[in-house]
Amino acid sequence: MMAKRIPTILPDLSFEEALEITKIHSVAGILPNEVPIITTRPFRAPHHTVSSVSLVGGGKVPKPGEISLAHFGVLFLDELPEFNKTTLEVMRGPLEDRTVTISRVNATLTYPSKFMLIASMNPCPCGYYGSSEKECTCSEQAITRYMSKISGPLLDRIDIHIEVTPVKYQKLDSEEKVETSEEIRKRVNKARKLQFDRYKKYNIYSNAELTPSLIEKYCKLDKKGKQLLKTSFEKLGLSARAHGRILKVARTIADLDGKENINVKHLAEAIQYRSLDRKYWKNN
Amino acid sequence: MKIINIEDNNYPEQLRKINKPPKKLYVLGDEKILSNKCIAIVGSRNCTEYGKKEALRFAQELTLQGLQITSGLAIGIDTFAHTGCLNEDGKTIAVLGCGFNHLYPKENRELFNKIINNGGAIVSEYAPILEPSSDKFRQRNRIVCGLSIATLIIEAAARSGTSITARYTMEQEKPVFCIPNSLENNKGVGTNELLKNGALLATSVDDILQKCNLPKINLDNLPKENKRINKNLKKVKEKIVKEKPIKINKEYKEIYNILTDKPTNPNEICKALKQNISEINSKLLLMEMEGIIKKVAGNSYIRI
Chain A
1 MMAKRIPTIL PDLSFEEALE ITKIHSVAGI LPNEVPIITT RPFRAPHHTV SSVSLVGGGK
61 VPKPGEISLA HFGVLFLDEL PEFNKTTLEV MRGPLEDRTV TISRVNATLT YPSKFMLIAS
121 MNPCPCGYYG SSEKECTCSE QAITRYMSKI SGPLLDRIDI HIEVTPVKYQ KLDSEEKVET
181 SEEIRKRVNK ARKLQFDRYK KYNIYSNAEL TPSLIEKYCK LDKKGKQLLK TSFEKLGLSA
241 RAHGRILKVA RTIADLDGKE NINVKHLAEA IQYRSLDRKY WKNN
Chain B
1 MKIINIEDNN YPEQLRKINK PPKKLYVLGD EKILSNKCIA IVGSRNCTEY GKKEALRFAQ
61 ELTLQGLQIT SGLAIGIDTF AHTGCLNEDG KTIAVLGCGF NHLYPKENRE LFNKIINNGG
121 AIVSEYAPIL EPSSDKFRQR NRIVCGLSIA TLIIEAAARS GTSITARYTM EQEKPVFCIP
181 NSLENNKGVG TNELLKNGAL LATSVDDILQ KCNLPKINLD NLPKENKRIN KNLKKVKEKI
241 VKEKPIKINK EYKEIYNILT DKPTNPNEIC KALKQNISEI NSKLLLMEME GIIKKVAGNS
301 YIRI
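Those protein sequence lines, which keep their order, are chains A and B. Numbering follows the numbering used here, in which position 65 of the first sequence is assigned residue number 65; successive positions increment by one, without gaps. Numbering follows the numbering used here, in which position 151 of the second sequence is assigned residue number 151; successive positions increment by one, without gaps.
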């Protein structure tokens, strides 16, 4: 449910982005006749029985797959461990390079694939691991097996992991005022504008596309920040690959906050969002 | 690997006295330590944070008193009992419910090696080729307590393997100790039941030492020349210093006051303090890095 709300807070499309999306959808032959140009970010949610070819693209003359159709939009994979393991692994390259090259006898084509991957899963097969309401009935091995369906390299390429606890009925019913999607979208647009202006000369749109050298330039930490990053790597057993991801997320949080530099507060929040890297998930 | 038959001289004497002693013992590591004084520490596989903390503490303190720890190398309390003993450079005995070729659970392979390297022993009554089964696990419990002079139970669910160990210990006319557990903890149901039926309450190692007529070594009066023990002594002193009331930064105080030993969700903190979730999340991580709180499964926090 939460993931389906994501399109409502995504930033507005720029004209160039809209053109690119329209081109891909046109190539795939799925552009409706009455729509001359696509003006909203795509949201693709393939079922977990999807094949690797339909995910990355293929065919006699290669057609774009789900990851390219989700270009500049969202690819949502519900129940991630239920997907075929090899199907998931084919996304590793495109997630890193943000393009995918498909070679067939008739043609070799490169499609863009700058998509935002959103996935959801349960903490264990029964779904109650760590819940305060009900006790988890899974054995340690069953949990390990379930978790191992998602490979480390894939997990490393996902910037933000968040554990969500079940919502009680009172909360669903509460009249408490919360931030609406419209308000959130305004904040997102503001941050996006900052990034767009900052990276104009590099021909990229957002923090997600930063290369290692640009990370060094734009995600500078002060002394306190460096110290915090060091202690958290030691204490939480984070993987080395998480390093760049944390910095990019911290940069984004600082942008949302409207701050020029990343300070400890932003960095701490970014580290907080890597819960699957933590050791406790494996040995409680 | 060594095989010790029941008629051999190095067969542990106390094990010979139990009902149905194993005819053969397969031993990896040092077989001589099997005759030393041991305390068994057992409990739930699926333990709570409290159980983990107490298992480590009791194992460490008993080791410092010169005792060995026996347990079953299972996950949960057993693992922490062995680890606690190893933390103090102690020798620990693990009794398996299967042959050596089928180490179960596989996660404990590292611990298995560590026990042997530290001068401990791994014992099984089953030939190396035999696979684990629930019946074997039940049977190995009689060896765990057979090798020990007393059994300490940290946590146990209502019907569990742990209560079988307790029953065997009572049959062998040895004392069974339980630590106090909250009524809200469903891993405390078994220990509370045992306490009702004549198990002894242990709130510190002193209770165990006294009941078993063992001398208490005062760690403050140790001879200076004994380097290893001095090292341990330093550790204990450090621990005492650590247990002093921790200083908490002003800005973290309000969050810290909400947290308890029971896991609390950041959303609840948010609601109580009427603060932004991102603010809370960032503070929680900083507090965790300072070592005053801990994150547990289910995106929840507890005090340390």
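Keep in mind the hints are simulated off the structure, nothing from the lab. Take the hints with a grain of salt, since some may be wrong.
[Said to hold, decoys possible] Derived contacts from chain B toward chain A, CB cut-off under 8 Å, selection only:
#1 THR83
#2 PRO128
#3 ILE258
#4 THR260
#5 ASN265
#6 ALA297
#7 GLY298
#8 ILE302
[To be verified] Selected chain A positions facing chain B (Cβ under 8 Å, derived; list incomplete):
#9 SER103
#10 SER132
#11 GLU209
#12 PRO212
#13 LEU228
#14 THR231
#15 LYS265
#16 GLU269
#17 ILE271
#18 GLN272
Yeah, the Cβ is synthetic: ideal placement off N, Cα and C, and Gly gets one too.
Against the structure, test the hints numbered earlier, and report the numbers of the ones violated in rising order. 1, 2, 3, 4, 8, 9, 11 and 12
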